[in-house]
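The lines below spell out each chain.
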Amino acid sequence: MFHLLNFVQWLNDTRISVYLRESDWPFPIIETVHILGLGFSVGTIMWLDLRLLGLAMRDAPVTDVIEQLEPWAIGGFAVMFVSGSLLILSEPLKCYNTVAFRIKVVLLILAALNVLYFHKRVMHNVEEWDRLMPWRAKLVGILSLILWLGVVIAGRWTAYF
Amino acid sequence: MTFGRILPGWFFALCEYSWPGSWFKHAQWFFAIDETFHIMALGMLIGTLVIVDLRLLGFGMRRQSVSQLAGYLGRWTIFGVAMMIATGIPLFMSEAEKLSKSSPFFYKMVFLTCAITLHFTLHRKATAPGAMPGSGLGKLAACLSLFCWLGVALAGRAIAFL
Chain Y
1 MFHLLNFVQW LNDTRISVYL RESDWPFPII ETVHILGLGF SVGTIMWLDL RLLGLAMRDA
61 PVTDVIEQLE PWAIGGFAVM FVSGSLLILS EPLKCYNTVA FRIKVVLLIL AALNVLYFHK
121 RVMHNVEEWD RLMPWRAKLV GILSLILWLG VVIAGRWTAY F
Chain X
1 MTFGRILPGW FFALCEYSWP GSWFKHAQWF FAIDETFHIM ALGMLIGTLV IVDLRLLGFG
61 MRRQSVSQLA GYLGRWTIFG VAMMIATGIP LFMSEAEKLS KSSPFFYKMV FLTCAITLHF
121 TLHRKATAPG AMPGSGLGKL AACLSLFCWL GVALAGRAIA FL
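From first to last, the protein sequence lines stand for chains Y and X. Each step along the first sequence adds one to the number in the numbering used here, with nothing skipped, and position 15 is 15. Each step along the second sequence adds one to the number in the numbering used here, with nothing skipped, and position 107 is 107.
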């Protein structure tokens with residue numbers, strides 16, 4: 001029978017995990033990279049969302065904004081994902097036991113589903129959005145803003161508990 | 001270099017122990033909540049800068065002109081900076097004496113001063129309507145802007161570790 005806690009315990013005791021946890025420099029460096037990745041990904045995702053909501057860059061066609069910002073959002077996300085995985089690796093047990101971290105994981109999964117929903121169900125008639133923005137696109141925008149806000153808050157609070 | 005070597009000790013004591021500072025210091029959750037807003041403002045600010053500066057360098061939203069993007073996002077940059085300063089002052093006051101001895105904090109303020117000055121001078125000129133697209137001035141402004149803000153973020157993060 002597989003128990004997540006056993007896996008986390010094993011991960012916590014691996015040499016790489018102990019090394020990341022006990023040496024001085026890796027953690028601050030990785031965390032700094034993580035925050036810079038946040039600036040790029042959340043920073044660009046947020047403007048995509050605000051465009052979907054019609055609150056920013058209203059004169060720019062929505063397809064322009066999506067096509068041109070998405071690569072940067074994905075790039076920033078990749079940086080966050082890799083650096084975030086290393087941060088988890090540095091203290092697996094602590095993350096496992098922290099409520100804020102569990103909430104963060106749930107919010108990240110919801111954010112991923114939101115993006116999936118956007119691409120599979122909402123974006124098919126994107127060419128027409130400059131005349132009329134569908135309510136579903138606005139819904140995706142507001143959900144994305146709320147979820148990423150939650151991810152940042154839960155992430156920051158993981159460090160406090 | 002630190003602020004403790006420039007400013008008198010009573011200034012930091014006043015910040016930390018007089019009424020709003022001591023409230024910030026002792027109110028439960030305040031520091032955590034305020035810091036969360038500080039990071040959110042950072043995300044917003046970096047987002048606007050990256051979009052405009054990358055465009056100045058010829059990346060990102062190339063179908064829009066530099067001045068168009070700066071027009072959309074310029075006031076959000078100011079809003080982001082204002083929110084960072086507004087949330088940053090209580091963070092400073094709640095641990096002024098510690099920060100008076102912190103050299104990363106000193107360099108963070110140096111970078112911040114440079115970044116804000118740059119934003120209202122060279123950067124503004126490079127993003128004004130009718131600015132030459134792909135000009136050396138624009139690229140210089142973008143590189144300096146990214147460098148200064150990166151410095152603010154890195155030095156800021158380093159405060160917690162050094």
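No lab work stands behind these hints: they were computed from the structure. Please read all numbers here as calculations on a predicted model, not as lab measurements. Heads up, the beta-carbon is just placed ideally off N, CA and C, and yes, glycines get one too. Some hints could be false.
[Said to hold, decoys possible] Estimated spans, in silico, between C-beta atoms of each pair:
(1) X:86 - Y:117: 33 to 41 Å
(2) X:8 - Y:70: 48 to 56 Å
(3) X:129 - Y:18: 54 to 62 Å
(4) Y:119 - X:143: 33 to 41 Å
(5) X:121 - Y:18: 43 to 51 Å
The hints, checked one at a time:
| no. | hint | verdict |
| --- | --- | --- |
| 1 | X:86 - Y:117: 33 to 41 Å | 35 Å, holds |
| 2 | X:8 - Y:70: 48 to 56 Å | 52 Å, holds |
| 3 | X:129 - Y:18: 54 to 62 Å | 57 Å, holds |
| 4 | Y:119 - X:143: 33 to 41 Å | 34 Å, holds |
| 5 | X:121 - Y:18: 43 to 51 Å | 50 Å, holds |
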